[in-house]
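Go ahead and model the full structure; you've got the sequences and the hints to work with.
Residue numbers (the numbering used here), protein chains in the order written: chain E, 1 to 44; chain X, 1 to 246.
Source of the hints: derived by calculation from the structure; they are not laboratory data. Where hints are given, some of them may not hold.
Here are the simulated distance ranges between beta carbons [unchecked claim]: (1) ALA15/E x GLU148/X: 44 to 50 Å; (2) MET1/E x LEU180/X: 37 to 43 Å; (3) HIS36/E x TRP115/X: 43 to 49 Å.
Every residue gets a Cβ at the ideal spot worked out from N, C-alpha and C, and that includes glycine.
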Amino acid sequence: MTEFFAQNPLYIVLAIVLVIWFAIYGYLFRLERRIHDLEQSANR
Amino acid sequence: MSGKIRAFPWKGLLGVWTTLVIVLALALPMVPQPRFWYEFPIVPGLEDKARIIFFHVPTAWLSVLAFVSSMVYGIRYLRTKDLRWDLRSASAAGLGLLFCVLATVTGAIWAKFSWGTFWNWDPRQTSIFVLLLIYGAYFALRSAVEVEEKRASLAAVYAVIAGVVMPFFMFVIPRVLESLHPEPLVNLEGSVGGLPAPKLQMNGTMLAVFLASLAAFTGVYYWMWTLRVRAAALELRRATEGENRD
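Shown next as structure tokens:
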């Protein structure tokens, strides 16, 4: 396993970029829900 | 003006699309002579470092898009004096600055591996640094004025001037002065001052992934922009209601 990643470091880059993207996506998704809730309560 | 900004509707599609783009951009093999549809051509002098194009160029493209949007919304504010246009202009400028920083950082990381140093005041680096200063000053200006209408007017005028100046720093100056920066789409000769510069010739697969990446980044930008505008509109509404109560 270690040898595979040593020979193919791009897969480590791929894993890191995917983690960053999922974190950004999750953050934006949660932000969207919170803003939606605030809009709903402001309209009431 | 048109009503409030609606929520971004294609979140699920954007999530899958962007994930796919990231996997394709980084996992497809680079070979000297591509024979299969899933192979990228090797770029002499860049090799795997050429994959930065899938992330670096979209961030630079989005900073241009955001700065132009900021200028257009600034003009609309000046014509209507409606503060909601100012919110849209400021939100676009903020995201433009964010993507400009990302383009600078990703470019500097690439430069470290290609040129041996993060920063060497190449014309491309110098011009984007000046752009960062220009849009950094935009937010300094906004934070220096307390009266909303006055702040919005000054910021709108500044956004228009900055938007006019921006193409010179983004497109003209780096091409007038000699630079080591690869020019995949414009410098078809692939040379700088008679010396060979890395030339990026994409095959169909690479171009498709590149365009898919541009679309994915643009989707992420639009989603972020709608969130910023909606949050700023809520804040404005709360402030206005507070003033009315007082």
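Hint check results:
no., hint, verdict
1, ALA15/E x GLU148/X: 44 to 50 Å, "46 Å, holds"
2, MET1/E x LEU180/X: 37 to 43 Å, "38 Å, holds"
3, HIS36/E x TRP115/X: 43 to 49 Å, "46 Å, holds"
Against the hints set out earlier in the document, no violation occurs for any number.
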